[in-house]
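With the hints as extra help, turn the sequences into a complete structure.
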Amino acid sequence: VQLQASGGGSVQTGGSLRLSCAASGTIFSKNAMAWFRQGAGQRRELVAWILSGGRTSYARSVWGRFTISRDNAKDTMYLQMNSLKPEDTAVYYCNKYSHGEYWDWGQGTLVTVSS
Numbered sequence: 001v002q003l004q005a006s007g008g009g010s011v012q013t014g015g016s017l018r019l020s021c022a023a024s025g026t027i028f029s030k031n032a033m034a035w036f037r038q039g040a041g042q043r044r045e046l047v048a049w050i051l052s053g054g055r056t057s058y059a060r061s062v063w064g065r066f067t068i069s070r071d072n073a074k075d076t077m078y079l080q081m082n083s084l085k086p087e088d089t090a091v092y093y094c095n096k097y098s099h100g101e102y103w104d105w106g107q108g109t110l111v112t113v114s115s
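When the letters of the sequence shown are read in order and numbered with the working numbering, they come out as residues 1 to 115.
Among the clues, some could well be false.
Dumping the calculated DSS-like pairs for lysine-lysine here, alpha-carbon to alpha-carbon at most 25 Å [as the list claims (entries may be wrong)]: (1) 30 with 74; (2) 96 with 74; (3) 30 with 96.
Simulated from the structure, these hints should not be mistaken for lab results.
Spelled out as structure tokens, the structure:
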């Protein structure tokens, strides 16, 4: 399975970005998917996840600001990020929503939020 995360960039506090995750090599529609992030010197953390049927859930730190979605016809997942804060600065990765077994993480996409 190959995952390609894109859409990162540099924004100021309060700005918005939309991340995309294109998947290949799997039946995307059958998988629960998730966004993760890893800040400098920090552990990778789960940000948001979306089940195959579309049900979503979020980490408390992003609830109300981020929206996860998916387009199964395009094998693509999205993360709309609004009201960005400096603490959102991290490399963002996409992967399946799992309790231990993940696909290759790929390069991720860097989000930098300046104050």
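For which of the previously enumerated hints does the structure constitute a violation, in increasing order of number? Violated hints: none at all, because every hint is consistent with the structure.
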